[in-house]
Structures are given as C-alpha cells and as structure tokens.
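For chain S, the structure is supplied; the task is to place chain A with the ligands on it using the hints.
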Amino acid sequence: MRIFLFAGRTTKEIVRDPLSIFFGLGFPIVLLLLLSAINRSIPVTLFDINEITPGIAVFGLSFMGLFAAQVISKDRENSFLTRLFTTPMTSKDFIIGYSVPLLVMSIAQGIICYIVAILIGLSITASMIFSILLLILPSLIFVSIGLICGSLLSEKAAVGICGALLTNLSAWLSGIWFDLDLVGGLFKDIAYLLPFVHAVAMGKAVLNGQYSAMFPHLWWVLGYAIILTILAIVIFRKKMQAD
Amino acid sequence: MTIAIEVQSLTKKYDKKTVVDNVTFSINAGELFGLLGVNGAGKTTLIKMLSCLIKPSNGDAKLLGKNITQHPEQVHQLIAVSPQETAIAPNLTVRENLELMAGIQGLNKVNRKRKADEIIMRFSLKPYENQRSKTLSGGWQRRLSLAMALISEPQILFLDEPTLGLDILGRRELWSLIKKLKEKTTIILTTHYLEEAEALCDRIGIMKDGKMKAIGTAEELIKISKAATFEDAFVYFVTGGDIQ
Ligand SMILES: Nc1ncnc2c1ncn2[C@@H]1O[C@H](COP(=O)(O)OP(=O)(O)OP(=O)(O)O)[C@@H](O)[C@H]1O
Ligand SMILES: [Mg+2]
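As they're listed, the protein sequences go chains S and A.
Counting in this note's numbering, the first sequence runs from 238 upward without gaps.
Counting in this note's numbering, the second sequence runs from 230 upward without gaps.
Don't read these hints as lab results, they were simulated from the structure.
Some clues are possibly wrong.
[Unchecked claim] Facing chain S, according to a computed beta carbon distance under 10 Å, are these residues of chain A, among others:
| # | residue |
| --- | --- |
| 1 | Cys281 |
| 2 | His305 |
| 3 | Val310 |
| 4 | Thr315 |
| 5 | Ile317 |
| 6 | Met330 |
| 7 | Asn337 |
| 8 | Arg361 |
| 9 | Lys411 |
[Said to hold, decoys possible] FRET-style restraints, in silico, Cβ to Cβ:
| # | chain 1 | residue 1 | chain 2 | residue 2 | range |
| --- | --- | --- | --- | --- | --- |
| 10 | S | Phe241 | A | Gln384 | 21 to 31 Å |
| 11 | S | Gly460 | A | Gln306 | 34 to 44 Å |
| 12 | A | Thr298 | S | Gly245 | 45 to 55 Å |
| 13 | A | Asp438 | S | Phe241 | 40 to 50 Å |
| 14 | S | Gly245 | A | Lys413 | 22 to 32 Å |
Glycine included, C-beta positions come from ideal geometry on N, C-alpha and C.
Same shape as in the complex, but just chain S:
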C-alpha cells in the first residue's frame, strides 16, 4: 500500500521531467539509429544491429542510475525525505518504492530499444525476450549505484557522478563502441573487472542464441548486482537512522 503510493510518486517525479524522458529513451534510440546508419555506409561487425542493440540496451540503463541518484538526493536536499522519515514508512517501503519503478522503466526502455532495432532490421527471435529480461541484472547494478550516490552525496555531486561518470564508464568500458581487445592492456583488464562489459557480452550472447557464451559474464553481473543491492540497502538504512 505505502510502497505502491511511494512507487507511484517516484514514477511521477521522474517521468514529469522532460529531460529524463529525452535521455532515458530518446538518447539511446538516437544512438541506435545513428550507429546503424554508419554501419550501412561503412560496415563494421561491431556495429551490426544484433551486436549493437544489446550494448545500447545496457548503456541506456546507466540513465536509470542517474534518475535514482537525482530523485533521492533531491528528496534529501529539500527535506522531503526527512519529513517522510517521521511517518510510518519503513526502509523497505523506501528502497522498493525508489527502485522498482526504475527497474520497470529499465525493462520498458529495453523493450522500446529492441522494437526500434527490429524496425531497422533486427530479426525477431525468442532469445530476444531473454536478452530483455536479463537487463534486470545490469539495471539493478545501475539503480543500486544511484541509490548509494543519492543517499550519500549532494544533488550536485550525485548527478555529477551518476550523470557524467557512470554513463561514461558504462560507455567506454563496455566494449559497445570499440573492441576492448584492440586497446588491450590495463584498460582492458580494468574493463573486465567492472560489470559493464560483462553485461553487454552476456546480452550479445543471449540475443544471438549462444547461451553457453553468456558464462562467465552472467556470474560477474549477478555478483555485482547482489553486492551493490545489499550495499545500497545497508547504506540507505544507515542513513535513515542518522546520528
């Protein structure tokens, strides 16, 4: 009941910001169209529609982290959250109420991303559904990072970190735009210690029906998702009982 009301509020707070709609939905789709247009004039395997779609679907999720950070840090800054802390809302109500709308939006975003990809040539397969469903894991990673930043940092810092840093990390260290093997070295090693490249590799494998190829990437993504979710819960609860 409380969770529903609060989740509804989180949703409204986000979708009523036209800028979020643009970045959350528009931007990934523009990228998708742009890259497939490039690919048509200069074909690169990396930019094949069935390679690029899972990547962009993951990249798009980084905005969910930004939204989470934004909503929470704003609520903290304008005392709305403090006010809610004096009501019967529990930490469970808050955490679910903040994160579930974003997880739902992530899936919606994934679906739209794939629909656009289909319109420009991706062939429809059953594995597509799994690929979309699996987005829930990287989505958990991003939303948890957003929750953590939103709980700890000022709005400015939270938006800076999740908006600039997180989106860039997930863009550069994910192997979406260029093959990490070409760069190699430390860059590649770091990338493979982070979850982004694994999330993309997992998505690609599943979309192309090569289910065994999603390992060990799935374990990396799952591990990060679990750890970050737990961390987000712990930090939020800690913040709730300040001083």
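Chain A with the ligands in isolation, oriented as in the chain S frame:
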C-alpha cells in the same frame, strides 16, 4: 488528565557541544504547547529527537506511552511533523502531495480524497490544486508543506515555525485550524512571534542554550519574571533570568 508527552532528561550533544541539555517536562493530552527560544536555542533539535529523526545522547521521552528510543516505528504511527524547512515533492501537484501524505499515514483512497478536499478548502489551496508544487510561490509552498502535516489527523502534531513566511491570511487559517485540531490533538509548536504564542498556547516553554528555562502559561511567566508584558518576560528568561 493523561500525559501525552513525557520528556526525561533529554540531552543531545554534537561532539563536545551540548545542544539540548537535560530537558525534563511533560505535556498533557490535548494541550497546545509553545516552544520558544532565540535562534539556536535547541528547539528544532528537541523536536527532531521527539520525532525520532535523531537519537538522543542521553535521556528518553515517551509519546503516549511509546519510547522514542526503543519504538520509533510506533511513535511514527502517532505523530505528524511540519518541519522548519518547506518539505514537498516538487514534481507532484498540490493535491497529489496531500493525498500522498494521507496515504502514507494509512488513509484509504476515499478518505484520502475527502481529507485532501477538506484541507485544500481550509488553506484556500483550491486555485492551485492541480499545479505542480515547485511552481508555487514560496509562501504557498509553505502552506502546502504545513497542510501535509495537518492532513493525517495525528494524535501528536509537531509544528516547527509553522507561520514562517505565511501572509496574514495564511496565519489566520492556520490558527483557526489549530484551534479546531486542539480538541483531539496534542500540539507542540515553535515560533518567534510572541503574540502568536501568547494567543494560541495553553502553556509555553522557553529554551536557552539547550536548557528549558521556564515553563508555564503566558500569565504565569509574566508573573514570575515580574515583567509588564509577555515580550519582557521572554527577554528576561533568554537573557539570564531564572526561576530558581
Ligand atoms: N547536526 C548538527 N551538528 C552540529 N551542531 C548542530 C547540528 N544540528 C544542530 N546543531 C546546533 O544545535 C544548536 C541548536 O540548533 P536548533 O536548530 O535546534 O535551534 P533552534 O532553536 O531550532 O533555532 P532556530 O530558531 O534558529 O530554528 C545550534 O547551535 C546548531 O548549530
Ligand atoms: Mg529551529
């Protein structure tokens, strides 16, 4: 008469600084208690402890029998707080903000709507009902923030500087609502308007440097301090006068 709020040696320290210093007092059910004191006296900190937002360094308090240190979740079922700062959800409309708060306090859909209608009328919020709250003027945001605390019919209500930034109409609306609520709600309010405290409050506590310097009705405080007016009495207590 039942005691609604019982404060026992409540203390809050930040590092070495004692912000609320061994405060003990009680408030009867249905009483309207005014908490006065100059800036930085510790009023907001006291309210924050009583509403379980921060933990006391020492001492305890009971709200209708529930300990603030042991059962914050039970205390939260009893209270509503209007914080000193305006606290609203910026992208929700006025009505959505009100219905959200009512819902969080446990009202069902029908009652949420009914209560929102009522409070919108009482606070003359009708013309702004469907406006996003971030686009309201400061004073109207303030009214909304206040209305969000008043909507849930709590047993205990904390109002931290409720009339800050309100125009005279807003203040009158608030006063009339407070008088109506008083029948079934215990209210603690802080204010810097002494005439407001004198007119509204059953009893007044005056804080200075974290200590409760004096408690009583406005007349009693005037009498004790041998002052001519309540303002003089207030000045007497916050500039070093003491009952003892
Ligand atoms: N988190 C904190 N850390 C350190 N000191 C604090 C903290 N919160 C409050 N204080 C100090 O506690 C004292 C009392 O503050 P409080 O907000 O309770 O005063 P107040 O009586 O509400 O004043 P005002 O009338 O200005 O609202 C102030 O000196 C303030 O600096
Ligand atoms: Mg204060």
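Hint check:
1. Cys281: holds, 7 Å
2. His305: holds, 5 Å
3. Val310: holds, 4 Å
4. Thr315: holds, 7 Å
5. Ile317: OK, holds: Ile317/A within 10 Å of chain S, min 6 Å.
6. Met330: Nearest chain S Cβ about 8 Å off; hint holds.
7. Asn337: Asn337/A check passes; min Cβ-Cβ to chain S is 9 Å, inside 10 Å.
8. Arg361: holds, 7 Å
9. Lys411: Where the cut-off is 10 Å and the nearest Cβ of chain S is about 21 Å from Lys411/A, the hint is violated.
10. Phe241/S <-> Gln384/A: 21 to 31 Å: Holds: the Cβ-Cβ distance is about 25 Å, inside 21 to 31 Å.
11. Gly460/S <-> Gln306/A: 34 to 44 Å: holds, 39 Å
12. Thr298/A <-> Gly245/S: 45 to 55 Å: Once the Cβ atoms are compared, 33 Å apart, the range 45 to 55 Å for Gly245/S and Thr298/A is violated.
13. Asp438/A <-> Phe241/S: 40 to 50 Å: Because 46 Å falls inside the window, the suggested range holds.
14. Gly245/S <-> Lys413/A: 22 to 32 Å: holds, 30 Å
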